Amino acid sequence: MTSMGYFGRFGGFYVPEVLVSSLKNLQAGYAELSQDPTFKEELNSLLSTYAGRPTPLYHAKRLSERIGGAAIYLKREDLAHTGSHKINNALGQALLAKKMGKSRVIAETGAGQHGVATATVCALLGLECEVYMGETDVERQRLNCYRMELLGAKVNVVRSGSRTLKDSINEAMRDYASTSGHTHYLIGSVVGPHPYPTMVRDFQSVIGNEVKEQMMSIVGRLPEALVACVGGGCNSIGLFHPFADDPGVEMFGAEAAGEGIACGKHSASVVAGTEGVLHGARTLILQDGDGQVSETASVAAGLDYPAVGPEHAYLSGIGRARYTAVTDREAIAAFHMLSETEGIIPALESAHAIHLAAEVAGELGPRGNLVVCLSGRGDKDVDQVAKLEGIQ
Amino acid sequence: MSRIAQAFEDLGGSKEGAYIPYVCCGDLGTEFTVKLVRTLTDSGADILELGLPFSDPLADGPTIQSAMVRALSSGFRTRRLFDTITKIRNEGVTTPIVVMTYYNPIVRTGVSEFCSTLSTVGADAVLAVDLPIEESRELDEAAADNGLDVIRLVAPTTDNARAEEIMSTATGFVYAVSVSGVTGAKDRLPPTAISLLNRLVGVDGSVPIALGFGISNPEQVVEAIAAGASGVVEGSALINIYSESSRDEQTLLDRVREHSSRIKSATKQ
Chain Y
1 MTSMGYFGRF GGFYVPEVLV SSLKNLQAGY AELSQDPTFK EELNSLLSTY AGRPTPLYHA
61 KRLSERIGGA AIYLKREDLA HTGSHKINNA LGQALLAKKM GKSRVIAETG AGQHGVATAT
121 VCALLGLECE VYMGETDVER QRLNCYRMEL LGAKVNVVRS GSRTLKDSIN EAMRDYASTS
181 GHTHYLIGSV VGPHPYPTMV RDFQSVIGNE VKEQMMSIVG RLPEALVACV GGGCNSIGLF
241 HPFADDPGVE MFGAEAAGEG IACGKHSASV VAGTEGVLHG ARTLILQDGD GQVSETASVA
301 AGLDYPAVGP EHAYLSGIGR ARYTAVTDRE AIAAFHMLSE TEGIIPALES AHAIHLAAEV
361 AGELGPRGNL VVCLSGRGDK DVDQVAKLEG IQ
Chain G
1 MSRIAQAFED LGGSKEGAYI PYVCCGDLGT EFTVKLVRTL TDSGADILEL GLPFSDPLAD
61 GPTIQSAMVR ALSSGFRTRR LFDTITKIRN EGVTTPIVVM TYYNPIVRTG VSEFCSTLST
121 VGADAVLAVD LPIEESRELD EAAADNGLDV IRLVAPTTDN ARAEEIMSTA TGFVYAVSVS
181 GVTGAKDRLP PTAISLLNRL VGVDGSVPIA LGFGISNPEQ VVEAIAAGAS GVVEGSALIN
241 IYSESSRDEQ TLLDRVREHS SRIKSATKQ
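Going down the list, the sequences are from chains Y and G. The first sequence lines up with residues 1 to 392 when you count with the working numbering. The second sequence lines up with residues 1 to 269 when you count with the working numbering.
Since the hints were derived computationally from the structure, they do not count as laboratory data. None of these values were measured; they are calculated from a predicted model. All C-beta atoms in this analysis are idealised placements derived from N, C-alpha and C, irrespective of residue type, glycine included. Some hints here could point you the wrong way.
[Stated by the list, open to error] Example chain G residues on the side facing chain Y (calculated, C-beta under 10 Å, incomplete):
hint : residue
1    : 107
2    : 131
3    : 132
4    : 253
[Unchecked claim] Computed list of lysine-lysine pairs in DSSO-like fashion (alpha-carbon distance at most 30 Å, straight line):
hint : chain 1 : residue 1 : chain 2 : residue 2
5    : G       : 186       : Y       : 154
6    : Y       : 154       : Y       : 387
7    : Y       : 99        : Y       : 40
8    : G       : 186       : G       : 35
9    : Y       : 24        : G       : 186
10   : G       : 15        : G       : 186
[What the hints assert, rightly or not] Restraint ranges, calculated between C-beta atoms of paired labels, are given here:
hint : chain 1 : residue 1 : chain 2 : residue 2 : range
11   : G       : 6         : Y       : 9         : 45 to 51 Å
12   : Y       : 247       : G       : 147       : 48 to 54 Å
13   : Y       : 56        : G       : 79        : 52 to 58 Å
14   : Y       : 146       : G       : 244       : 35 to 41 Å
15   : Y       : 275       : G       : 159       : 31 to 37 Å
16   : G       : 188       : Y       : 99        : 33 to 39 Å
Turn these sequences into a full structure, and let the hints guide you.
Written out as structure tokens, the structure reads:
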């Protein structure tokens, strides 16, 4: 038996025996369909006619001026259907599930964006849908919770462990262990056992592929830098991956520093994590000295996860991408800055990337070009920010 | 021959099945763990499975999850597992010990250090629930270097070719998971358990098979052994007995003793 799904020393297939056969079927199903021209055609057609792709690449002139460095381009994933990049992967996997004869789809969600995207594609394709969401996340993202129910999905509130994203993944895996015959587990990020990190990356690579074409047609050359937020890390991998072999393009990931790395209330797995095995993959994890996984914190529910996709651990290890932790306070400032300069309210997750993009743009100087992935829109967060600022 | 292999051989001679209770270490405190282990060995436990709790036990149902949360929030960590095993051995318990956990606590300690410490404190085997054969090489080597058996799992979803591969590299015994799902006490054996046992008995492999997940009563034990199991693992049901009551410790331990003795009797058919 050889191991599979590795990025350097990270990744792999660390799952209970009961899940092995379903995951192997999924690997085989994906390997076959990803080479099938009709599958690609169907997916591309849905991406354009249903999800609204390609999303624009927008030159944020006023933001760039405010910062006074490189030209900043926003990859507008917030304009995709359901309001974030999550639809790219949800469509791909749901279509795959349908082709593999599954009638039911389960998913985990943190901020609710992946849950909404999954509920949406299940409504579209006529699949039964159940979403696991931590109680803490349900409280801070009520609107998305209701949105999923409107779309016909059942939301299962998770009350185990820290009641956030990691526990929702545990619950979804437990469900999958007994239902995998007719159920597909639609993981929302580049985490989990093989084939998820690779498959989700492939579905999200549409982001970077479009950016490449758009930069060539708008600017005539590739950007000097790419910036994206990293929780599990799927919008960032989607942006980064197509540029893997373009050494002139630097990659920057913004993790969540929460209230600060020093105080321990954060979610910065690459910056502050150590090697371990969680949710099926060997990767960087926030854990104590005995391998017990830490509780994490971030103002952005979608970044509130104690590990990172194994490919990020690899990219960090070889120095291909650099990771910086951005605090809640910095992210909220960036949330305001983008809203005021460009009339675009970003998701709090994406606001982490905007903060880092401002720093990188300053370093690059006025002749540089930078692309930041605006992974989602901020409507879902307006309530929360207003509360934090004492408005309501 | 390992102590575990010896235990099965001795039982086989007297046509008994092995009773293998699972104990979530540190639940209700390490002193209680040691007392619970003594109670179980007094009631005829043939092999002990000592669980090192993990924060994200995705193969476990609510009963074992709760036990792990209780243990971890009281500060139970890997070092205390080693100390607990030492204490158990110092009390003169010679029953073989399997340490069952998830892979991350092993990785964090260092696979080789984990195994060598287990061996030093007197454990006999290690089982990592989320470590399929594809990823097991490092643990297999470290365990072999330290004279530990590696217990592997087979599930109802494991096909025959894979079961053969698992059994051909297993040591000690193979842990057959009765159901496609998570741990948790059930009243009856699911049909998947019997069909799995029937398949495994036909697979060419020399290690004994112990059935676990959902075991809670003597009727299931009789049925499992009749279908070819050489032993049964019981976990959640025991936790239910000692955690659902607010009675004093001795009463709880007496209940465990009474229950476990009945399970053990059922292995003697």
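To see whether the hints hold, each was checked on the structure:
Checking residue 107 of chain G against chain Y: minimum C-beta separation of about 6 Å stays under 10 Å; hint holds. Of the supplied interface hints, the one on residue 131 of chain G holds, with its beta-carbon coming within about 6 Å of a beta-carbon of chain Y, less than 10 Å. Against a cut-off of 10 Å between C-beta atoms, the interface hint on residue 132 of chain G holds, since the closest Cβ of chain Y lies about 5 Å away. Against a cut-off of 10 Å between C-beta atoms, the interface hint on residue 253 of chain G is violated, since the closest Cβ of chain Y lies about 28 Å away.
Note on residue 186 of chain G and residue 154 of chain Y: the hinted pairing holds, with a Cα-Cα distance of about 26 Å set against a maximum of 30 Å. Of the pairs offered as hints, the one joining residue 154 of chain Y and residue 387 of chain Y holds, with about 28 Å between alpha carbons and a cut-off of 30 Å not exceeded. Between the alpha carbons of residue 99 of chain Y and residue 40 of chain Y the distance comes to roughly 12 Å, so the proposed pair stays at or under 30 Å and holds. For the proposed pair residue 186 of chain G and residue 35 of chain G, the alpha carbon gap of about 26 Å is at most 30 Å, so the pair holds.
Of the pairs offered as hints, the one joining residue 24 of chain Y and residue 186 of chain G holds, with about 29 Å between alpha carbons and a cut-off of 30 Å not exceeded. Simply put, residue 15 of chain G and residue 186 of chain G have alpha-carbon atoms about 26 Å apart, close enough for the 30 Å limit, and the pair holds. Under the hint 45 to 51 Å, the C-beta atoms of residue 6 of chain G and residue 9 of chain Y, about 38 Å apart, miss the expected range. The beta-carbon spacing between residue 247 of chain Y and residue 147 of chain G, approximately 50 Å, falls within the hinted interval of 48 to 54 Å.
Checking the proposed 52 to 58 Å range against residue 56 of chain Y and residue 79 of chain G shows it holds: the Cβ atoms sit about 55 Å from each other. The supplied range of 35 to 41 Å is met by residue 146 of chain Y and residue 244 of chain G, whose beta-carbon atoms lie about 37 Å from each other. A hinted range of 31 to 37 Å holds for the C-beta pair residue 275 of chain Y and residue 159 of chain G, which are about 32 Å apart. Remark: the range hint 33 to 39 Å for residue 188 of chain G to residue 99 of chain Y is upheld by a beta-carbon distance near 36 Å.
Going through the hint list in order, the structure does not satisfy hints 4 and 11.
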